[in-house]
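Trainee: Can you make the complete structure from the sequences, with help from the hints?
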Amino acid sequence: MITNTSNAALTAPSAGSESGQSLSRRQATMTYVHQYGIIVAFFLLCVGLSLSSEYFLTPKNIINVLRQTSINGILAIGMTLVILARGIDLSVGSVLALSGIVAASLATGETPQPAYVAIAAGLGVGLACGLVNGLVISRLSVPPFVATLGMLSVARGLTYIYSEGMPIPDLSQSFLWLGQGRIWQIPVPVIFLAATFIIFWVVLNKTVFGRYIYAVGGNERSARTAGIGTKKVLVAVYGLAGMLAGLGGLILTARTTAGLPQAGQSYELDAIAAVVIGGTSLNGGVGTIRGTLFGALIIGVINNGLDLLGVSSFYQQVVKGCIIVCAVLLDPARRSRD
Amino acid sequence: MKQEPKPAPGLDPDRVASLLLDAEGVTKAFNGVPALRHGVLRLRPGSVHALCGGNGAGKSTFLSILMGILQRDDGDIRVDGREVHFKNPRQALEAGISIITQELSPVKGMTVAENLYLGREPRALGCFVNHRRLNAMAAELLDRLGFRIQPTSLMSSLSLAEMQLVEIAKALTHDSRILIMDEPTSAIGQHETELLFKAVRQLRSIGAGIIYVTHRMTEIFELADDYTVFRDGAFVVSGAIREIDRRHLIRQIIGRDAASQFRTVASVKVNRKERPLLETRGYACGPKFGEVNLTLHPGEVVGIYGLLGSGRSEFLQALFGLETGVKGELRVNGERVRVRSPKDAMRQGMALVTEDRKASGLVLPLSVTENIAMSSLDRWSTAGFVRTRQEGQGVQEMVDKFKIRTASVQMPVQYMSGGNQQKVVLGRWLQTRPRLLLLDEPTRGIDEGAKQEIYRFMTEFTSAGGAIIMVSSEVDEVLGMSDRVLVFRRGFPCRESREGSLTREELVHLAA
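Going line by line, the protein sequences match chains A and B. All you need for the numbering used here is the position in the first sequence, starting with 1, plus 36. All you need for the numbering used here is the position in the second sequence, starting with 1, plus 41.
Source of the hints: derived by calculation from the structure; they are not laboratory data. Watch out, some of these pointers could steer you wrong.
[Claimed, not checked] Computed footprint of chain A on chain B, listed as stretches where at least three residues anywhere in the stretch have a Cβ under 8 Å from a Cβ of chain A:
id : region
1  : 333-347
2  : 381-387
3  : 399-405
[What the hints assert, rightly or not] Away from chain B, derived, C-beta distances all over 12 Å, residues of chain A:
id : residue
4  : LEU176
5  : ASN319
6  : VAL355
Please read these numbers as outputs of a predicted model, since none were measured by experiment. All C-beta atoms in this analysis are idealised placements derived from N, C-alpha and C, irrespective of residue type, glycine included.
Mentor: Below, the structure is given as structure tokens:
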């Protein structure tokens, strides 16, 4: 214990005038490597796969990968907000299912509701679940892991209660467009992913709210002392993550052409994986949404590539697991923190 | 640890020893950038050796090498005359070198005795911990040192100072002969400090060598026998404390003469007939502190002195809306106000610099810009979008004003020195345009140069009509900076004094 106290304080060379400058330059280089390393890794992966399979780089396959990535990508963007705020949301898979079922129930039957009603309901359900998470975490001081673990179970249970355990098929054409439509040959889910990415990139990089998320995640006590309404920020963050889970639920329901009560199981883990591969720190306050996008794309490409190479899906899980751990191992920011 | 008799001269000529530690020409560079160019330290057994230097002087790097946390690039380190190369902290510990730092990491859920012998518990039947024996060993050790701490108390129930004493005792269980103390008093009050000093002196008397790092000159002159000064990564000078005075030592540390130390109270006119900026009447908060009646006029500095746990910090926290259950009356500019959150406090023109800038001041992974802008974003944004240009100007203004040394304002504040970090906190608050500054230990753990700049800033702030409440455990600072001093004892303000009417001794006596 004596040996390990405050290594951080001792190892970080104190920044005098000159050494401080070079240190920060080194820091800047490391941040640079870190930010773009993931992109380089992604493209190397693509080059490797295109050499192994001629089918990989065809437009059809690329669109396929993007569509497969879209739901995880959207969930991962919500998860990025949560993890940046030093939290975790284990409930997104269940919330996705609940939103999907509620939307499906409105978009089916003899006289289905218009698609926008179903969509609003789905998003609303997701938002509501997220707000509950946020309130329980910020007002009642329940740790995020526990609160969202509770929501994971509650939302899944509500899904089965609401659907009586049965799938809800026969959805209206206008609703199915969400999952199956195309705009200029681009699948609608991919467009949703792109739009979500752009919106939340702006939120995190350009708005006061985005700044507050980083501040609350980096050090909640400091943020509070600085006059930031930390509880409101947390409620908003979980609310948004829930709403994005709702959006994922809508898209998944439309793609599978039915509301499935068992949908989205363990999706939260893929979302967390994308965020972690993308370089966001589980300690909060450090990370980018671009990293998350590429994290999600890497997962999508690996799944697709291994499919193309004829590797069984059992092995795919092993590979994905190894990549998650390696991504964190190779993270230079992490090393300097130790 | 056994008594180390002073070797008679000429008795053992081969041993370069009689030196516990002899480090010469130690260097270390990070990616080609030298952090330590020439580290020298000679530690005699039975001595307290002050290692002095501003932030960035290379002390930390040197100590890290000594502790085996970093490996040196070049140079010699001899312990008891034997050349050593520690690859990790464990080897250093085995060679008898222990460190006690400001950031302790005890296992808080365990008892004192369990912490003392962590990993080396006496066993029963090979796998069970023999608690009776463990507690007896611990009691014997604590008793021998004169520490009044129960071996069976939980670590979490101890004060910071008591934890530090436990750390010292723990170092002894390792039979350490070289003890490094890195700012051990930065978080504890005067009374605890005296306990600590007693322990240090006792260690010295049984032949241990203590390397003592602190920014506090008073402590150096009270405790140390020898000193060594590092500046800009290199050894500058060393010698015996009795052969140097405070002024010369400071000059060696900062490389130039220190300007006028404290605030010249006479330079700021306080008009007590003017409406007070802040008034508290019967201001109390549960068991934390009670009945503070304080009137603060523009231009005034009120110093608050008290031991750890005397309610001094809690009083500032309460004013800033960070405590619940506050009773009594609070008036700002003559109007009665309620402050329930930092935001309310900011609206009343208050700003709080907390005592622990890393835990509750800064967001370490964020940049200088983000940290400074944090509390002014309402002003620097339109419809929720940050106006980066305005923000950049506001930040640059503070960087220039406080001479914050940073290669880039995009650099995370965690890599900055303590003094620069503190200036970032001050810069943030100054941008909220406060009239009342609440400063909790504003110069803790920062070097002499930065201290002077903060003192200058305080003078400037009060000259412009602001008022300051400053909590500090440094007697000289409290007396030197304040118009009046309020002494807190066990949660109650027990004495208010006019400037100049209180001596050091009285102050310490009142607080204890």
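Trainee: Run every hint past the structure and note whether it holds.
Mentor: Hint-by-hint comparison with the structure:
no.	hint	in the structure
1	333-347	violated (count 0)
2	381-387	holds (count 5)
3	399-405	holds (count 6)
4	LEU176	holds, 16 Å
5	ASN319	violated, 8 Å
6	VAL355	holds, 31 Å
Against the hints set out earlier in the document, violations occur for numbers 1 and 5.
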